[in-house]
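Participant: Sequences are here, hints too, so could you generate the full structure?
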Amino acid sequence: AAGVIQSPRHLIKEKRETATLKCYPIPRHDTVYWYQQGPGQDPQFLISFYEKMQSDKGSIPDRFSAQQFSDYHSELNMSSLELGDSALYFCASATAQGRGEKLFFGSGTQLSVL
Amino acid sequence: LAKTTQPISMDSYEGQEVNITCSHNNIATNDYITWYQQFPSQGPRFIIQGYKTKVTNEVASLFIPADRKSSTLSLPRVSLSDTAVYYCLVSLTGTASKLTFGTGTRLQVTL
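If you're matching them up, the sequences are chains L and X in order. Sequence positions in the first sequence follow our numbering and run 1299 to 1412. Sequence positions in the second sequence follow our numbering and run 155 to 265.
Watch out, some of these pointers could steer you wrong.
[Unchecked claim] Residues from chain X shown here face chain L by an in silico Cβ test under 10 angstroms; the list is partial:
{"hint": "1", "residue": "Tyr167"}
{"hint": "2", "residue": "Gly169"}
{"hint": "3", "residue": "Gln192"}
{"hint": "4", "residue": "Phe200"}
{"hint": "5", "residue": "Lys208"}
{"hint": "6", "residue": "Val239"}
{"hint": "7", "residue": "Leu243"}
{"hint": "8", "residue": "Ser245"}
{"hint": "9", "residue": "Leu253"}
{"hint": "10", "residue": "Phe255"}
[To be verified] Below 30 angstroms or equal to it, Euclidean Cα-Cα: the simulated BS3-like pairs (lysine-lysine) are:
{"hint": "11", "chain 1": "L", "residue 1": "Lys1350", "chain 2": "X", "residue 2": "Lys157"}
{"hint": "12", "chain 1": "L", "residue 1": "Lys1355", "chain 2": "L", "residue 2": "Lys1400"}
{"hint": "13", "chain 1": "L", "residue 1": "Lys1400", "chain 2": "X", "residue 2": "Lys157"}
[To be verified] Restraint ranges, calculated between C-beta atoms of paired labels, are given here:
{"hint": "14", "chain 1": "L", "residue 1": "Gly1301", "chain 2": "X", "residue 2": "Tyr167", "range": "31 to 37 angstroms"}
{"hint": "15", "chain 1": "X", "residue 1": "Phe200", "chain 2": "L", "residue 2": "Ser1377", "range": "38 to 44 angstroms"}
{"hint": "16", "chain 1": "X", "residue 1": "Ser163", "chain 2": "L", "residue 2": "Lys1320", "range": "31 to 37 angstroms"}
Just so you know, these hints were derived from the structure itself, not from any lab. Since this is a predicted model, take the numbers as computed values, not measurements. Each residue gets a CB set at the ideal place from its N, CA and C atoms; glycine is no exception.
Facilitator: This is the structure in structure tokens:
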């Protein structure tokens, strides 16, 4: 079965550079979530999209932006990178089926800011 | 949004049953309870979801009392490979709302 695909798997950037992370949800999933997870920490909700519209925002810095495109894939754009942005970034997709959201996570993008 | 509280860590021997309880005192009427498992450097993986009473699948059981203010994930006969972090989330259906992970339970299984 198709899973959530994230690219790249690893990314190394310098401070003040920009980065773009991509997420391809499971086909027919209309919802995308982004999470940031630092070493030894729990996943922190960043932002979510439903049917290509932003649904909710969490602790996402103003330097970050995201969108969901017409094909439902999503991109997380990160600018003016800081050392503290180094983390594992997960994307998850879901589809509302009249029940609680059941998230399917990708393998994540490991971002290292040097 | 319902806040969840779980034990920070648990230890178990291989072959034992493990029960992890999550408190969600302000759960709303339409909220579902979902549990995820996460291994290091991997994305969380769905384990089980329920609304009330008991749900069982091939890997776990979920017990939810009538007041729904808590839930218990039961892992029968754990193995070393069940060593992971377990999270419970409370989610409102179909809203793509802020699904917040609380502090998960780090389960360590040993021989």
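Participant: Now, for every hint given, state plainly whether the structure supports it.
Facilitator: Structure-based check of each hint:
no., hint, in the structure
1, Tyr167, "violated (25 angstroms)"
2, Gly169, "violated (28 angstroms)"
3, Gln192, "holds (8 angstroms)"
4, Phe200, "holds (6 angstroms)"
5, Lys208, "violated (16 angstroms)"
6, Val239, "holds (8 angstroms)"
7, Leu243, "holds (8 angstroms)"
8, Ser245, "holds (4 angstroms)"
9, Leu253, "holds (6 angstroms)"
10, Phe255, "holds (5 angstroms)"
11, L/Lys1350 - X/Lys157, "holds (27 angstroms)"
12, L/Lys1355 - L/Lys1400, "holds (19 angstroms)"
13, L/Lys1400 - X/Lys157, "holds (18 angstroms)"
14, L/Gly1301 - X/Tyr167: 31 to 37 angstroms, "holds (33 angstroms)"
15, X/Phe200 - L/Ser1377: 38 to 44 angstroms, "violated (33 angstroms)"
16, X/Ser163 - L/Lys1320: 31 to 37 angstroms, "holds (35 angstroms)"
Hint violations for this structure: numbers 1, 2, 5 and 15, all remaining hints satisfied.
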